[in-house]
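Please build the complete structure, drawing on both the sequences and the hints.
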Amino acid sequence: MKLLIVGCGNIGQFIAHNFKEFNLTGVEIEGFLDDDSERWGGAICGYPVLGGVNQLEKIRNSTSVVVGIGDPRIRKNIIDEYSSGNLLFPNLISKNVWISKEVSLGRGIIIYPGTQINFESSIGDFVIINMNCSIGHNSTISQFSTLSPGVSLGGFTHIEEGVLMGINSATKQGIQIGKNSIVGGMSMIVKDLPANVTAMGVPARVTKKNLSIKMN
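Numbering (numbering that gives the first Met the number 0), first residue to last: 0 to 215.
Rather than coming from a laboratory, the hints here were simulated on the basis of the structure. It is possible that part of the hints are untrue.
[Claimed, not checked] BS3-like cross-link-like pairs, simulated, lysine-lysine; straight-line CA separation at most 25 Å:
#	residue 1	residue 2
1	Lys190	Lys171
2	Lys207	Lys178
3	Lys19	Lys94
4	Lys190	Lys207
5	Lys178	Lys208
6	Lys207	Lys100
Right under this line is the structure:
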């Protein structure tokens, strides 16, 4: 089966360069889709850039797609628009990721090397977990969230939809982070965060409210 990578940026390139290190069999990369028209007709990592994301509308046969875009809002907009039809969204999980028994995984998930996920945790659809993250037991990472490298979540952490966790940020046990919030790099979350805020620091404090913007 052929696989299309949506997004020619760092995540998409990581997938292309390291495709053999994921847990997929019988799948080959067909190429990239990206809305930067200057890339069309060129190549990324040796694979052709076939056109814009709207090419997904033209697919008639079953095709695997991975959305390699870090911004949760953009990723959600793409999935909301194109997830119907014949598209399949496999999980790309690096071979050295440790996942305990009794962990629930959605679809379209990307997990980089070195990550550890402890028991009775739940990873929602289209979540991206970057390198060397640690997910404590009984934690929930809801759909479309992104964890940057080195994120550490204490047990019973609950991350709602579309959250972006910065590099080496962390939560203490039992924290809840509201929908579409952003946590700055190196921050330590010791109190629950509401939806649609940016927080940073040690301990982390809310620094601003985020606008709700639909991005295409």
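Do the hints match the structure? See the list:
1. Lys190 with Lys171: holds, 8 Å
2. Lys207 with Lys178: holds, 14 Å
3. Lys19 with Lys94: With Cα atoms ~9 Å apart, lysine 19 and lysine 94 stay inside 25 Å; holds.
4. Lys190 with Lys207: Answer holds: lysine 190 to lysine 207 is near 16 Å, not above 25 Å.
5. Lys178 with Lys208: Holds, because 12 Å separates the two Cα atoms, which is no more than 25 Å.
6. Lys207 with Lys100: Between lysine 207 and lysine 100 the Cα gap is close to 38 Å, so the pair fails against 25 Å, i.e. violated.
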